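**Student:** Take the given structure of chain Z and dock chain X to it, following the hints.
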Amino acid sequence: MSNSVILIKYGEIHLKGLNRPFFENMLVKNVKRALTDFGNAEVIKGEGRLYVKGIIPEQIKNALDKLGKVFGIVSMSVAEEIDKDMEAIKAAALKQAKEAYLEGKKTFKVESRRSDKTFPYKSPDISREVGGYILENLQGIKVDVHFPDVTINVEIREKAYVYCDNVLGPGGMPVGTSGKAMLLISGGIDSPVAGYMTAKRGVELSAVHFFSYPYTSQRAKEKVEDLCRILSEYVGRIKTYMVPFTEIQQTIYENCPSDQLTILNRRFMMRIAQRLAQKERCKALVTGESIGQVASQTLDSLSVTQASVDMLVIRPLIAFDKIEIMDLAQKIGTYETSILPYEDCCTLFLPRHPVTKPKLELIERSESKLDIKSLEQQAIDEAEMVIFDSTKRV
Amino acid sequence: MREIYLDNSATTCALPEVVDVIRECLTCKYGNPSSLHQKGLEAEKILRYARSTVAESICAKEKNIVFTASGTEANNLAIQGIARAYVRAGKHLITTSIEHPSVLNTFKALEEEGFDASYLNVNSEGVIDIEDLKAAIRKDTILVSIMYVNNEVGSILPVINIGDILKKSGHKIYFHVDAVQAYGKLPMADLMEYADLVTLSAHKIHGPKGIAALYVSDGTRLKAIIHGGGQERGLRSGTENVPGAAGFAAAIKAINEGDALHLKDLKSMLAKGITDALPNAVINGPIPEEGAPHILNVSFKGIRGEVLLHALEREGIYVSTGSACSSKRQKVSHVLKAMNLSNALCESAIRFSLSVFNDEEDIKYTVDVLKRIVPELMRFSGR
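Protein chains in written order, with our numbering: chain Z, 8 to 401; chain X, 7 to 389.
Chain Z with its partners taken away, still in its complex shape (with noise of 0.2 angstroms):
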């Protein structure tokens, strides 16, 4: 098919009433990055669609698997773009019949869309018509409105469109569309598929990561610059901070009882966060905790965690289990590279026995023996600045 067509269809940005343009066009932009690397790739915004033209047939399925990662497309299909002419059409749509009953399906019926209401059949008769002529030229094959093996699709738009694939994309809204957000990324399973729900739901992201050099190498950082290149391929651009916290832990160490190391060292890392956040514009932070998973993600510590910052906190884990957070990581990609086993800075200077009770009182007593603001401040001086974007060539 010379003259193929991706047919993206988008869901919920219908009920964004006024603001949808905005939806639309940013959908727009989505999908016209994803496809960066399909030179010749042209996409139209049509009546409640998009359709991407210029992709040679080769390419098509590399192309839906890119598409396949841009939030807010609800599905995706390979149609055949025709003249609004109903011999045209039914040429079309008994090709399609004859290759998928070559695949084994026996049964059929025809779908019919007409926007286009100077069409001079309407949608029933378009869809009696093209079924007639079906069942008319392909022995074998039979009709089935309830239960059909196959669907095809006749849809009358600015064209005529023939298909009768349906992939299934991502769903969510398009990122960009609900502003900005920082996500803690350490390395593991959890913060990257926190990330992923995010910007599922229309959030840009930027990140930050904290290491403890020496105490962790190099490539737990290389680690988590791979995350966030598969994170990118979903998000788009994300500007990573690269934060040392070595100075941060050891003075923690040194002037803190043991049982509290962790908890102070996440409020170290919420606070950070929330500055850099600011800075970034960005309106929220990411975490990937989940209640009760280790000590510090008992609703006591995550109490006492949150009140070190005012910014809301965004933990779309919350509620999943280890199990699911999994099966999420290797849906999206993240779970090998996650898995690689280099010591990322939360297991460092670990108590024996963490608090899972902290009190917020004592946590604050023993931060008032440091000076909070110049570690701060001097973390976040050092920190190096990442960009990652996966449509741009390393």
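These are computed hints drawn from the structure, not numbers from a lab. Careful: at least some of the hints might be erroneous.
To be verified - From the derived model, a few chain X residues whose C-beta atoms are all more than 10 angstroms from chain Z:
{"#": "1", "residue": "Cys34"}
{"#": "2", "residue": "Lys215"}
{"#": "3", "residue": "Asn262"}
{"#": "4", "residue": "Glu319"}
Stated by the list, open to error - Mimicking BS3-like on lysine-lysine, the simulated pairs with C-alpha atoms at most 27 angstroms apart in a straight line are:
{"#": "5", "chain 1": "Z", "residue 1": "Lys376", "chain 2": "Z", "residue 2": "Lys76"}
{"#": "6", "chain 1": "X", "residue 1": "Lys337", "chain 2": "Z", "residue 2": "Lys228"}
{"#": "7", "chain 1": "Z", "residue 1": "Lys116", "chain 2": "Z", "residue 2": "Lys102"}
{"#": "8", "chain 1": "X", "residue 1": "Lys337", "chain 2": "Z", "residue 2": "Lys329"}
{"#": "9", "chain 1": "Z", "residue 1": "Lys76", "chain 2": "Z", "residue 2": "Lys228"}
{"#": "10", "chain 1": "Z", "residue 1": "Lys73", "chain 2": "Z", "residue 2": "Lys338"}
Unchecked claim - Here are a few chain Z residues that face chain X, going by a calculated C-beta distance under 8 angstroms:
{"#": "11", "residue": "Tyr220"}
{"#": "12", "residue": "Tyr222"}
{"#": "13", "residue": "Ser224"}
{"#": "14", "residue": "Gln257"}
{"#": "15", "residue": "Tyr260"}
{"#": "16", "residue": "Pro264"}
Since the structure is predicted, the reported quantities are computational estimates derived from the model, not experimental observations. Yeah, the Cβ is synthetic: ideal placement off N, Cα and C, and Gly gets one too.
**Tutor:** Relative to the frame of chain Z, chain X by itself:
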């Protein structure tokens, strides 16, 4: 920043003359030795020269040298090759518990196939008891594979002694020596009287990666593990790595008699500098005077090896650890474990491995840096 590379047992920097011959082989004399034309002949000559250079360096003959792609492959060929060729004579194999993974894991694989293996224990200095070997030998023993120098702690195994015992045993037992760490540093000539198979590698002596050699004595039959066009007398098919072999030869030519002595002096200086200045430092393995001249393994008690490694790296000093720690899995070195070292010592072990390109300045700088950062890191050692 000054760069001091003290991880020469992992690999070494290639010499300029090595790089030159490799470039020449890749860009000008790039023929396939099997080709009939002039270009092929030219390449064949280079390969022959390389083979004879390797042979000479260990007092062997050209026909006894088989080139392989790595020390690992040479070890595999030796061990699997003997096991499969002499399976009718017996199914018992002997090695030590401190071998390189390419030996240990080949043994494990053969065990799964029904071979029987004995692993000799070592003492706290990383050396086997010769009586243990005598006791392990059985009527159906066909192969003993023992390393000349241990790569982690630098212990020298009594290979001549072992060879002698095997020679005097009632039946033929093939003797393979993994000499990758010894080659270029310890004398090889005496060993050749006893060994049937010897593994050598180029990239540990400032040659290129991707080339190694297996010495195969006359009368030793091996069953090939890689099949193809019959190169290397059918023992290792595949177009010969002519550039690699040429680079290997160039590296061998650069070895000087005085190298080992120079290394030994540096090592003594390093050992003394560390133990004099740092009370928490413990030398693992043989005493410095007795081990291989280029390997020194030290535990800095209270500091995890990996942490010290990264701290040294920040000062431009590159070393390796005895164990790779990670948050969930702790992989403690099988060698240090076999030497019965406490977990605390295993986790804090660092290996310094020297090359002839290191000088006294390097050692002095390293000791100075250690003096500075070790006490600093001690402040944050585990509670």
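**Student:** Next, verify each hint and record whether it holds.
**Tutor:** Structure-based check of all given hints:
no.: 1; hint: Cys34; result: holds (33 angstroms)
no.: 2; hint: Lys215; result: holds (20 angstroms)
no.: 3; hint: Asn262; result: holds (35 angstroms)
no.: 4; hint: Glu319; result: violated (7 angstroms)
no.: 5; hint: Lys376/Z with Lys76/Z; result: violated (47 angstroms)
no.: 6; hint: Lys337/X with Lys228/Z; result: holds (21 angstroms)
no.: 7; hint: Lys116/Z with Lys102/Z; result: holds (14 angstroms)
no.: 8; hint: Lys337/X with Lys329/Z; result: holds (25 angstroms)
no.: 9; hint: Lys76/Z with Lys228/Z; result: holds (25 angstroms)
no.: 10; hint: Lys73/Z with Lys338/Z; result: holds (14 angstroms)
no.: 11; hint: Tyr220; result: holds (6 angstroms)
no.: 12; hint: Tyr222; result: holds (5 angstroms)
no.: 13; hint: Ser224; result: holds (6 angstroms)
no.: 14; hint: Gln257; result: holds (6 angstroms)
no.: 15; hint: Tyr260; result: holds (6 angstroms)
no.: 16; hint: Pro264; result: violated (11 angstroms)
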